[in-house]
Amino acid sequence: MKIVVIGGSGLIGSKVVAKLSQAGHEVISASPATGINTITGEGLDEALANTDVVVDLANSPSFEDKAVMEFFQTAGRNLLAAEIRAGVKHHLALSIVGVDLMQESGYMRAKKVQEDLIKQSGVPHTIMRSTQFFEFIGGIANQATEGNIVHISDLQFQPIAAEDVATFVTEAALSAPVNGIQEIAGPGRFTMPELITRYLEAATDPRKVEANQNLQYYGAKISYAALVPAGQAKLGAINFDNWLSSQLAKA
Amino acid sequence: MKRDKSQEPQLPVLSQAVLEQERKMLLDLGNDITRVRDKNDLLVLFSKRLKRYFYFTHTIVTLIDEKSGTYTPFLLDNESSPIRKHPMYPELIQAHFRLNEPFIQTVLQADGPISFLLEDIMEQPESPVFLKVNYEKGVREILMTKIMMEDKPMGFIHMYTDKPGSFTNEFRSVINGIIPQLSGAVSNIIKNEEIHKTEREKSFLLDFSNEIAQVRSKTDLQAAIFKVLDKTMGTKLAMIRLLDDDEVHLSMFMCDPTLFGGTKATFEKMSGTRITVEEPYTSKVLASREGLVFNVAEEIRSGNDYAKLWATTGLKNMYSFPLRVGNRNIGTIWLLANKLSKLLLKGICAQISIAIANIQANEKLLAYKKQLEDENDYLKEQIRTIYNFSEIVGNGAAMQEVYRLISLVATSGTTVLVLGETGTGKELIARAIHNASPRKDKLMVKVNCAALPANLIESELFGHERGAFTGATDRHIGKFELANQSTLFLDEIGELPLEAQAKLLRVIQERELERVGGKQTIKVDVRLITATNRQLEEAVRKGQFREDLYYRLNVFPITLPPLRDRPEDIAPLANFFVKKYARNAGRKINQIAPKAMLQLRSYSWPGNVRELEHLIERSVLLSPDGVLKDVYLSSKNVSEQQSPAHLANRSLEEVERSYIIEVLKRCSGKISGIGGAAEILQVPGNTLHSKMKKLGITKADYFTQG
Ligand SMILES: NC(=O)c1ccc[n+]([C@@H]2O[C@H](COP(=O)([O-])OP(=O)(O)OC[C@H]3O[C@@H](n4cnc5c(N)ncnc54)[C@H](OP(=O)(O)O)[C@@H]3O)[C@@H](O)[C@H]2O)c1
Numbered sequence: 001m002k003i004v005v006i007g008g009s010g011l012i013g014s015k016v017v018a019k020l021s022q023a024g025h026e027v028i029s030a031s032p033a034t035g036i037n038t039i040t041g042e043g044l045d046e047a048l049a050n051t052d053v054v055v056d057l058a059n060s061p062s063f064e065d066k067a068v069m070e071f072f073q074t075a076g077r078n079l080l081a082a083e084i085r086a087g088v089k090h091h092l093a094l095s096i097v098g099v100d101l102m103q104e105s106g107y108m109r110a111k112k113v114q115e116d117l118i119k120q121s122g123v124p125h126t127i128m129r130s131t132q133f134f135e136f137i138g139g140i141a142n143q144a145t146e147g148n149i150v151h152i153s154d155l156q157f158q159p160i161a162a163e164d165v166a167t168f169v170t171e172a173a174l175s176a177p178v179n180g181i182q183e184i185a186g187p188g189r190f191t192m193p194e195l196i197t198r199y200l201e202a203a204t205d206p207r208k209v210e211a212n213q214n215l216q217y218y219g220a221k222i223s224y225a226a227l228v229p230a231g232q233a234k235l236g237a238i239n240f241d242n243w244l245s246s247q248l249a250k251a
Numbered sequence: 001m002k003r004d005k006s007q008e009p010q011l012p013v014l015s016q017a018v019l020e021q022e023r024k025m026l027l028d029l030g031n032d033i034t035r036v037r038d039k040n041d042l043l044v045l046f047s048k049r050l051k052r053y054f055y056f057t058h059t060i061v062t063l064i065d066e067k068s069g070t071y072t073p074f075l076l077d078n079e080s081s082p083i084r085k086h087p088m089y090p091e092l093i094q095a096h097f098r099l100n101e102p103f104i105q106t107v108l109q110a111d112g113p114i115s116f117l118l119e120d121i122m123e124q125p126e127s128p129v130f131l132k133v134n135y136e137k138g139v140r141e142i143l144m145t146k147i148m149m150e151d152k153p154m155g156f157i158h159m160y161t162d163k164p165g166s167f168t169n170e171f172r173s174v175i176n177g178i179i180p181q182l183s184g185a186v187s188n189i190i191k192n193e194e195i196h197k198t199e200r201e202k203s204f205l206l207d208f209s210n211e212i213a214q215v216r217s218k219t220d221l222q223a224a225i226f227k228v229l230d231k232t233m234g235t236k237l238a239m240i241r242l243l244d245d246d247e248v249h250l251s252m253f254m255c256d257p258t259l260f261g262g263t264k265a266t267f268e269k270m271s272g273t274r275i276t277v278e279e280p281y282t283s284k285v286l287a288s289r290e291g292l293v294f295n296v297a298e299e300i301r302s303g304n305d306y307a308k309l310w311a312t313t314g315l316k317n318m319y320s321f322p323l324r325v326g327n328r329n330i331g332t333i334w335l336l337a338n339k340l341s342k343l344l345l346k347g348i349c350a351q352i353s354i355a356i357a358n359i360q361a362n363e364k365l366l367a368y369k370k371q372l373e374d375e376n377d378y379l380k381e382q383i384r385t386i387y388n389f390s391e392i393v394g395n396g397a398a399m400q401e402v403y404r405l406i407s408l409v410a411t412s413g414t415t416v417l418v419l420g421e422t423g424t425g426k427e428l429i430a431r432a433i434h435n436a437s438p439r440k441d442k443l444m445v446k447v448n449c450a451a452l453p454a455n456l457i458e459s460e461l462f463g464h465e466r467g468a469f470t471g472a473t474d475r476h477i478g479k480f481e482l483a484n485q486s487t488l489f490l491d492e493i494g495e496l497p498l499e500a501q502a503k504l505l506r507v508i509q510e511r512e513l514e515r516v517g518g519k520q521t522i523k524v525d526v527r528l529i530t531a532t533n534r535q536l537e538e539a540v541r542k543g544q545f546r547e548d549l550y551y552r553l554n555v556f557p558i559t560l561p562p563l564r565d566r567p568e569d570i571a572p573l574a575n576f577f578v579k580k581y582a583r584n585a586g587r588k589i590n591q592i593a594p595k596a597m598l599q600l601r602s603y604s605w606p607g608n609v610r611e612l613e614h615l616i617e618r619s620v621l622l623s624p625d626g627v628l629k630d631v632y633l634s635s636k637n638v639s640e641q642q643s644p645a646h647l648a649n650r651s652l653e654e655v656e657r658s659y660i661i662e663v664l665k666r667c668s669g670k671i672s673g674i675g676g677a678a679e680i681l682q683v684p685g686n687t688l689h690s691k692m693k694k695l696g697i698t699k700a701d702y703f704t705q706g
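As they're listed, the protein sequences go chains A and B.
Using UniProt numbering, read the first sequence as starting at 1 and increasing by one per residue.
Using UniProt numbering, read the second sequence as starting at 1 and increasing by one per residue.
Chain B on its own, in the form it takes in the complex (with noise of 0.2 Å):
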């Protein structure tokens, strides 16, 4: 059946009804059509209304994709659609058809709508496949309409019919006056769709940075990266390369080994080697700012041996984004992909850095911690030798109910508190309760909290992040944290500020702690042992230590005896320390002179064993082989010392010029008036200074420091 091309349809007389009647129906369909925001209603509209009128079969809406060069279909109208069982309808509908053939160029130039003849065109080499598919299922003509936005085509009505001349005059006009209305809903419905994206891609990259964060290790992050680059699109990661310490190389950090299934082994050999930032496509992807795009094909026609490598996969580019902490470069991430939105893609790689960033941190405090530990095994082993629990000399009374307390509370995770007059081996028994204790096997962590100013206590113990105040130029990991399952013992805690006392005691309840400028809150697991030769008591009462911090302290006080209070001690200890530095000096001396052992014992010791112990390396050096004769007691130590201890062996008028000194000392020399020496000692001012005099006290006495 050939169609008589020279003889033109003959069209009828409209009635002024018939035309009034298709402008309302028009301006209805209009109405209607720009309301319409789900893309599913509108071309079911459109057909529907526009069939009461006229004839047709079904019509479908392509969209123009510029950057590709062709137009694919967008919105169907399925329901009356004939090619719907057409075993290539599946494949058509997701097809993108060449804009540049003549058939669709003819459309282009075209000023409105324009029709075909199926028959006419279909056999042209050029012309797109779904004309001859509707041809087959008995459609005979096409109308196509371009859908313009702001004076450019976006994209297509097709209108197809089974009856040819279906396509009238009127028909057209119609199509064309309904075009403003229908590309504003088209293009309502881009936009809409857009923000449904972008909202879609926010809420995924919101799951997915959730996810991240619990992420502490590679693998846990490679598992997470795995399943957002998998939800997204069918993306895969071809590899993920840091910069090393020096700032120079680049090694691999995380690959996709599946990816390059036959050619393993080259993959392999380029990933292993190490590159540095001069490299050239990794030093244009740190220059640039948002990732550069690599299309697979381009490179390998340009010689980029790399995409050989990457067109294994079938993915069209390789986008490579920067990962950056802040402004700093940490490394490149290379993805295979077809396409990729742009938004998604940087929240990805942001949240990769950030989650790099911190397993790295994590991975030098654990190699910082392992190296300490290593380190301190070593110490560890001479500690056990030196410090031994059964080292501890002394079997006095007073020392075994020291060593039954120890005892009694080793296992236990119970906070203790070590008192005792300096030098009398706080430290010792905190390590000997240490290494009777589960947690043996872990270093105990000691911090002398009178050893740092006061401004940088708090981050000794708890750490500080990067930039938590000027010169915090790096990370610094607590001693609390380092001590984690281990235990923390914190000598001269009478010292610790009041600000770093209110941190600790939250720390002592809540199990817990933030670092010195950190949000993040770290557990612990620490057991804590405090020493002090405080009365804290009295520092409670003074204000100077909270009394909260002094309760949770005080939970198992341990109170070392003074030397001079275990006589029978001294003995035992002076041989142990003869040994100890005879050996240490490669000297022969295993004896003391019974004369040398009497001085000692006669002795106050305020400085207690440190001092019995320091007199005696220092005997030892002085002394020849053999018996140990001279003991070198400085009597001006004694006086000067600031100890309850020389108050044994002295006379009443030494006894009240240190006291007097001692209280002048704690009230900042003030003698009279409220506050002053003379109302503690309750004399008169007068009595006070004649007193003064009279005992020789002067300034000097009471300003020195300590």
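So that you can see chain A by itself, here it is in the shape it has in the complex (with noise of 0.2 Å):
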């Protein structure tokens, strides 16, 4: 199968890339360093010819409202358009767990709006929902950052391995479109002060970890569980604590 994979060169697409080629795939690798631009369009119909299946892991490079939101709605019309136009067979996606419940956020805002043009564009398609991947705890902790207190809420919270993300996209990719939804997290529960506290504590990390009950999550009210998977959810191989080991062995 001919697969094209936006945003490749990211942390999820370049994993999902060398196991579709690892599988025997003709993939294509779509990035702007590559010539192929979902904004411009620059290189999308080339890219797109005889393709079968197009995996869209592109992120926004500006996280403010108003840009991720002309990001993803224009990146997701130029790329839809243009699997329309080449007759691509099967559109996946990576979106995010809650994201419907989360509408006060730009960010979430701007991922609906895409879930909903790929909904409303007849493409064959499965968007895969995902909770926060594990190298994303940094990001969070950082944003919550005052001095020395990380200020973070009493949410549960279900993080996956980027490995297992990419696994589970793979493996999508490979199978029938399920034209709907389907969700995937990590394999355990837990709330995000604990987690983060785990965190920081395994980095050595001097900030303190200072809960709350605000609800807040990126500077957005959410409920306690909007970032885990209410329904069924496929749940990631490795756990925390692995993840955390394998990451020091890195370091």
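The hints are simulated quantities; they were obtained by calculation from the structure and are not laboratory data.
Backbone N, C-alpha and C fix where the C-beta goes; we use that ideal spot for every residue, glycine too.
Treat the hints with caution; some may be incorrect.
Said to hold, decoys possible - Just the calculated beta-carbon pair ranges, DEER-fashion: (1) A:Arg-77 x B:Ser-80: 29 to 39 Å; (2) A:Lys-66 x B:Pro-153: 39 to 49 Å; (3) B:His-196 x A:Lys-66: 49 to 59 Å.
Put the two chains together into one complex, using the hints given.
As structure tokens, this is what we get:
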């Protein structure tokens, strides 16, 4: 099969490209660096010619509300239009668990628009909603830091290893489109302050976590359980402890 | 999109902190839930709080109604319900769903929360329709949990989700954990609602009882009943039947003729027939303590003819209650409704019973009054011919003055006091006043205050309620009430006992009265004429007559002259009576012989006109036709008469003798000492003794009655 991975140079994208190639497929890793730009439309039609599956793993370079909305809207329209022209048989995108429950957040609104464009396009698709990547935990801590204190709300949290995400995405890319949503998450459920404390401790980071009941996530108010899957979800194989030790080993 | 059922959902490992958090949440939620008193808060709180931790779309609580074998929505989580816009929604939230079908039976038999994929169960023929409706609005799975109260299921929490698999094990265990508190809260709400309902019903009953207290007629009552029943959950009055006076038959008293529209003729036929207390339905109802309920459908099946009629209203039950006042059955009431509160019905029926009893009493009173009036129309006619103003005979100056006074006072409502010796025609004057007054079309009511024992006079005047005193077996309407809008003539007012005087005074002042043993005050408009032959001032001085009452009665005194003071009237009076009695006796006497007339004129007439009348009556009977020659004056009569009249034409000795007897009588036979006759006569006791001996006064003379 010919598979185009948009954002193939990213965290998840690079792993997926590797896995698909390993499985013997013709994979194009698409990114502005490779001359394929979903915002400008550059190189899209050429890349998509005779393509069976498009896996969209791109992300907005800016997380500012307006910019991110523009990114997913424009990218989505350009990409889906090109797919229709090329007759792509399966569009797979990576979204976020609870995206519809966190519409106070600009980033989540943009991701929701991305989902909706896909649903409305008529292109056979799979929307894979994932929880946060373990690799993203440091970022959460950073954006919540004030001086030496990390302010974290008492939210439920069930992150997943990027490796597992890539595995699930690869699997799905090689399966038939579900024309709906599939959720994936990590194997363990935690509270966010609990996990971030463990993360910082493991990294011998001097910052201290202070838990609160404000239900805040990146400045948006969400519910306790918005970040964890509600219905059936596929759970990753790598638990937090394993991931942590592999990270420390790398360091 | 078919779910792969073979694949068990994967569950995440929960960290200690997550477990702790959930435990705490459960505790908080439980605490909050048990504090909820308002129905609307409960489910919103429950749903909002739970949604912080778990995903579901909406939830509702249904309650089991054991009697009808159904369950019905009780608490709604309206805000988030996706089916709110469904056209069937308004119908669904009122619906009763059968308990007797496999879906809900599975729920009842499950140990804890149990979930179903809607697509697996909604097409089953007996499944409740809300499953399908939810599916149509995107809901995919339902979690049903029993709410228990004292080990019995009292209802269900339904939770819905559009994401299959939302109802994880943790979710279920949290729901299971919260059930006891939720059950407690729901039963609190139910109790609270019952208390409210009872209070509402009580104030409702109070309103009704105030309204019904004003009711005086059947029409008023009917209006009040229809109004109250209309407010009472669409209840319809089928019929009120009342026991007849014979205590055997029952006649229709009231019904709603609009009720059985199509079958009016049948209804009229059925309700028009008088039934007896033996009629099976009636006897059952009368024998029941608190009424009976007949299910219309069941009654039709058992062949009750009435029930077919009942069915035309579309209402499900016929409620029938015995109408009772105290322990006495007065009839039955039949009400059609789907459902009625027992408390409310009992209250309403009690009020209706009392109102009907009042109306019946009122109707009887009116009938009695009417009957009296009818009877007395004849009498009035008679009275008019016998005692006409124009037929008061006598044209002497003294009587002219009386006539002037009568015409002066008659047209006003002024109280009149007629004074005069016995037999001077005081009642005649009272009638003359009444007949010349605007009240003349109503019968003047007369009471002789001396004719009744003291203990009965009050009830005679003011009436009494049933059971007011021993022997008061029935309500009695007093003469005052009978004389409403007419004239009450109280003869021999001087003999009225002091207690009754006090009551009379109040009625005069307040123009309203209370029956003996009664609490209700009754307004009366009565013109009062009193009469006496006693010296009332004297009686006042002696404390036998209330001074305040005396002044109230003595507003317009008319004094009738004794016959001896108007000898010029003796001849016309005698002729008048001769004519009257001769006609009555069928005799042809039209003249009085001059000698007889002379006798009449020289007599002192202590008994005044009445004595003259009786004498003429007697003489007419004893006389042959033609001229009345002899009058039979009795000298014994004369000497025994204790009126100042007999002072005329008598010797000094006679006067002395009778005066001593009179004083002795007043002193109850005491001759000397304090309060003795000698003291009053201002002679020594011995002198009086010898005087009595000389005049032949014995105990027999002053211990006679009168
Ligand atoms: N972070 C999380 O925890 C999380 C969780 C759930 C889902 N997701 C979603 O997962 C997806 C991948 O995330 P990630 O962390 O792997 O992203 P990433 O590491 O930031 O990679 C983003 C990729 O997008 C490419 N890209 C940027 N602009 C482009 C354009 N105009 N045209 C084509 N490609 C463009 C980038 O190319 P260059 O390398 O050339 O810039 C890069 O390959 C995102 O959609 C994100 O929303 C993330």
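(Q) Verify the CB-CB distance for His-196 of chain B and Lys-66 of chain A against the hinted window 49 to 59 Å. (A) Roughly 54 Å apart at Cβ, these two residues keep to the hinted range, so it holds.
Q: Given the hint of 29 to 39 Å, check if Arg-77 of chain A and Ser-80 of chain B actually sit that far apart at their C-beta atoms.
A: 32 Å Cβ-Cβ, so the 29 to 39 Å window holds.
Q: May I ask you to test the hint 39 to 49 Å on the CB atoms belonging to Lys-66 of chain A and Pro-153 of chain B?
A: violated, 55 Å
Hint compliance for this structure: hint 2 alone is broken.
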